[in-house]
Amino acid sequence: MKYKLLSLCIAAGVLSLTSCDKKLDVEPQQNIDATTAFQNDQDVNSAMVGCYSLLGTGQLYGTNLFLLADLLASNNAAGSTSVDRYLTWQGTFQGQRQVYSKTMTRDNSEASRVWIQAYRAINNANIVIANLGKVSDAGLRAQLEGEALFVRGVMHFELVRLYGLQWGATPSNTQLGVVIRTKPITNEADAAERVARATVADVYTQVINDLTSASAKLPDDNGTRADKFTALAFLSRVYLQKADYTNALNAANQVINSNKYRLNASVAAVFSNKNTAESIFEIQQNDQNNAGQTNDGMATFFASITGIGRGDARVPANFPTVYPAGDLRSTEWYYAGRSARPGTYCAKWRSFSQNLPVIRIAEMYLTRAECNVRLGSNVGATPAADLAQVRNTTRTGTTAPAVPTLADVLNERYIELAFEGVRIHDVRRLNLNVGTRPWNSNQLVMPIPAREVDATSGVVAQNPGY
Amino acid sequence: MRKLFLLLLSIVTICNVWAQSKEVSGKVTDASSGAPLEGVAVTPKGSKTGGALTLSDGSFKLSVPSATKILTFTYIGYASIDLPVGSTPMTVKLTADDKSLSEVVVVGYGTKIKKEVTSSVARVTSKEFANLPLPSFEQALQGRAAGVFINSGSGKLGQGLNIRVRGISSISANQQPFVVIDGVPVVSQALGTATEPDNPLASINPDDIESIEVLKDAAAAAIYGSRASNGVLLVTTKSGKQGKTKVSAGVFGGWSDPTRKAEFLNAAQYRELFGAAADNVGLDAESEFIDNTGTNDWASNNDVNWADQAFQKGSIQQYNVSVTGGDAKTRFLVSGSWNDQVGIIIGNRLTRGTGRLNVEHSISKKVKIGANLSLNQTNNFRVPSDNAFSNPLQLNALPPIQPLIDPTTGLNNQNTLYYNNLIELEGSNRNLNKIYRTISNAFVEWNVAPGLTLRNQAGIDFYYLRESRFLGRRTLDGAPEGISNEDQTTSSIFTNTFTANWNKAFADKHNIDVLAGAEYQKGIVTGASVEGRAFPSDRFTRIASAAIISNGSSTETEYTFVSYFARANYKFLNRYLLGASFRVDGSSRFGKENRYGAFPALSAGWILSEENFLKNSKWLSFLKVRTSYGRTGNAEIGNFSSRTLYGANAYADLAGIVTSSIGDTKLSWESTDQFDLGIDFGFLNNRISGEIDFFTKKTKDLLLNSPLPATNGFTSITKNIGDMKNTGWEFVLNATIIQNKNFRWTSSFNISTYKNEITRLVAPVPPGQRTLGRLAVGAPYGQFFGRKYMGVDPANGDALYLGAGGVITNNYNAAIDTVLGNPNPDFYGGWNNRFSYKNFDLDIQCQFVSGGDVYNVAGFFQSVNGDYFDNQTVDQMNYWKKPGDVTDIPQPRLYEGNGAGKSSRWIQDGSYFRVKSVNLGYNLPRKLLQNIKFESVRVYVAAQNLLTFTKYKGYDPEVNTTYVGNINLGHDFYTPPQARTITIGVNVGL
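Protein chains in written order, with the numbering used here: chain A, 329 to 794; chain B, 153 to 1142.
Bound conformation, chain A alone (with noise of 0.2 Å):
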């Protein structure tokens, strides 16, 4: 009995052992295979939500493109004191560093880790494109369209504005610009693909494409998502940033006349509160989801209050001088650091989970008066009635030059948009020095990464001076 009972176990055991082939296939859980991922509506909206994920990393919109566009705009060699410092890196991150003082090098980390998500965020929109036959919604799969052509077009205009020399260095804009990709990319062969650089020019003919594609196929309103007027204020940017003041001027102004947005009677709100009025497109943070809290964030390196912030990013003392005397924006938007680090710092970027504004309608305001000026124009409003939305007694407790000058309109960009990733992109357009490197310096030009020039052998070309 008891060898009976015995040579079943073992029987049993040998059993358990054959025809084993199909416990070979083990599916993983917290991913899907490619092959099966797109099926219906619900699978690409996923993928759309996806790109916007991306936008909101650290290496992107959560951090990078403002940090390293206000890093570059300091001139380190100014005095601790100077307003000229703008922004002070005083973290240990050497990437950072080497960004703020001018000596980047090839390996920096920071080039490299804007450029691989800028581009993943690219190959994604891609995906979606390809897989707009699989949405059988007619207005989703025009909404899917144009989110998928926005993102696309906005990463390829912030690479180019990184990486390439500022349009109108050249007299044709032939210097070399960033590679430009609407190839979706799934399978090995294909990512293995080597594409060299395309000029400045044509990045911003297919920026300016994709942005305009964009702005006709998204609806009006889309909630969080990028809109109609997201586009068109981005295209009013790419617009302005080539100088091409006729059509900044008339995206800024559609943006404007669309009357969705409005500015905040309070500086701070539009900073502290989530989609306000004023934002015209802005990354949405939670508690949960947000871009960092301890090696990326903009509040990670901007904040120095108890428990918030490593005060990386420090402004100089002096800095709230630049406002008019009693503006409300010298008190609301900077304050004394307390707990990690000593020192002014900029109140605009203070909560792990606060909304990141992207661009912001008094951007728009701003735009439409230096063009109006410099066209001699009076398209929407006149430039004083444009300055006035921003600089008022409600707003800001000061008022706004009855006639202003160009210098008065660009001075009014440079304090109301300070650190928000606007400088150097304003420093380069504007043919303006960041200490004593003119606009075109090549070191104010983000290196291409080491490791894409390696991986491509050379075909992606590296920047002069790296």
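Read the hints as simulated data drawn from the structure, not as lab findings. Cβ atoms here follow ideal geometry from the backbone N, Cα and C, with glycine treated the same way. Fair warning: there could be bad hints in the mix.
[Stated by the list, open to error] What the simulated footprint calls covered on chain B by chain A, stretch by stretch (three residues with Cβ under 8 Å from a Cβ of chain A suffice, anywhere in the stretch; the number is not a length):
(1) 422 to 433
(2) 440 to 448
[To be verified] To spell it out: a stretch of chain A is covered by chain B in this simulated footprint if at least three of its residues, at any positions, have a beta carbon under 8 Å from a beta carbon of chain B; those stretches are:
(3) 354 to 361
(4) 414 to 427
(5) 561 to 574
(6) 604 to 617
Starting from the known structure of chain A, arrange chain B on it as the hints suggest.
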């Protein structure tokens, strides 16, 4: 294994009664003491059947085929002898043979007489590491097992170690050996969420272990197929023995302190250096200090040794008891232990409670069943990662002029240059890993016919880890209102193994031993975590009290293996040995187009000393040459690396998906072909014995991330595209140097090398921003590569570097990258000496590493001639002061980075010689014991890491910070040193 051997014998004895037989009886005693020997195997020569074991009085009685002329007497620790069957009762005297080659070693799915082994196996037994204060058992291999290189990495308790068997055989897959405990593959890799690896093996009680075998060459390891490229550790736990029930108990306790400390500036030196640094660039040190810290401590009279604050007096205590015994039907071992170690780093502690029941029962003459059950509980109070501001060692960066206690609050000073992490130890803050683990198995073994045994074993390693952290409102991460994390990870590995074993002797000349088997394995890892923020006060630390549940997650991942294996050994004339093994592994991890891998091995040995021309040699007692060749694999390639996948990525409240990886459908294991040539020898009746091994390991299909143009949305794809080679040799020499009535001195020395060379890569992997380790074809793994520091220009105090064409330059950017060093050791080994004099015994084990450069990543902060306000190491005081000064320390220039670039400036030789463990004991004399009715009492004093000799100027040369990734070997970054532990203890036997 002795257990197994004896039981096999007893079974076959009882169940094989020959028709034609005769009775033989006698008594076996120890030749020197005359004491009866129990459990000696008595078998007719040349037969594995028909044997018997001696009883406790040394007597034996068996019936053997009437044709039997010679009986073989075998006993572990004694030389076997063959005696003609003469008049009974026989009187047999066995001579103790200290390093007897008749020793049995554990091999995959079985055991083997060491003499007949044709592969390379290192063996460390319990007596070599008993009573040592080991943080985890695998540390016992350090300096004891040739060919096994161990770097403890840091002095943190419960931290993962680096174990490398015969060099480095992988880049991105696992590099650690496969660990099997009593036939059950176990988790040996970190499961926790922390940056630095936790060590699951720390939950195992070293006192439960009988032996650790390291399978080094392919012939030994290939039976484990795709898991074996990094070598295999076979751990065998103790088991019960037939005979009188024995109780043994032990207790020890002791203290520990750091092996070494680095020295930092005091307040006066600090002011001098930074005063000069500021002066030299036209700044005022005091106002810069105020600007950077917001304090006026520059003007204070504080003089704080912050570096010392990281340390505390450690302690250790351990209690263990075990009971063994049994009869012919049932054998058992019951053990329990409690171990409590307080680390030398503030906040670090490890406690371990273990229980075990190993039992075996013979149901009948032919069938036995058994089970090994263990249950362990470990609490590990962990220290933050080396690169965290909360790492206590980072306190050494704080200026000595800043006060420890804030005079206004009376609490730990919060107004310091960097975070004062002493705050983390305040109040209710907690960083605790709680582990419950069982590694258990049950088996049934059926001796179906003479020489044929079937066995089925089911085993499980179930591991439950709960990481619980709370940081209050005064801490860096916990501010402003506290943060609490709970992470739970469970891992279970289920293994079912079926084996059939058949052995037979033919014509007194041929011995055949065949094993065939099949195995199924399934591993599942699940995780669940939750994070809460905002607590009413620091007295509330559990997430139930949190206002915000800020994070939560659950995950699950799984893999399976299905394997078939076979092995055959053939012995001819007791001296010609042949072995072959073959394993087929299928795994869910391998790409769909590449599901099954085959791993064969062949070996041969020739025992020359059995040949007639050497048999009667007076001086040569044993000589064997052996060689093997075979293939092993490495399947630690990630569970789903072969797939193109999308993963979830949230955008605030919206759920999205993004591309997460691009896969290669042909992805497979890495494979290693290894050749081994070895010689085992013994001279003067094995008074001198040893082993020499040469090996070459060629690993191909290394799993590497092949870089892709990032413009395509992916940065890399995992492919089998690299090759690597390890060559080396090992030498082991054991000798009984002095042996007389009262004094005995035995010595064991081993030395090993490995030379690693990467032979194929898709693209070199350059050093990171802070690190120097790289991978390049023709270079050893982790070679240091970067800018070469050339000292200081005596004329102006500029740091100098090597430029193109050998030109020396003060322009860091004009310097060229060049080979700077090698973190791999030139050679390493150990030297063990054991003395006994009357009732005293002394065991001194030394361990050494020669070569192996260490790069101090923190040099950029702490040895950089006052570039920023971090406190500096004392050597920086020798800075350049005036033209003509010849020094290695550049002129201090605050913020200017003079000599601050990553360079060979912070590379040092990491060679060291360590008196690793010392154990001095006294055995109470027998007479006294008889009076107090004890079997044995031993009191001892022991030390671990007693002395360290090195030129390294940092904390400890045995260092390997892990946050820099596995390519960067020998990197030091505020890494705590090893502990020196002194213990006293007593063991009693009843």
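Comparing the hints with the structure gives:
1. 422 to 433: violated (count 0)
2. 440 to 448: holds (count 4)
3. 354 to 361: holds (count 7)
4. 414 to 427: holds (count 4)
5. 561 to 574: Since 0 is below three, the answer is violated.
6. 604 to 617: That given contact holds, which follows from 6 residues of the region 604 to 617 of chain A lying within Cβ reach (below 8 Å) of chain B.
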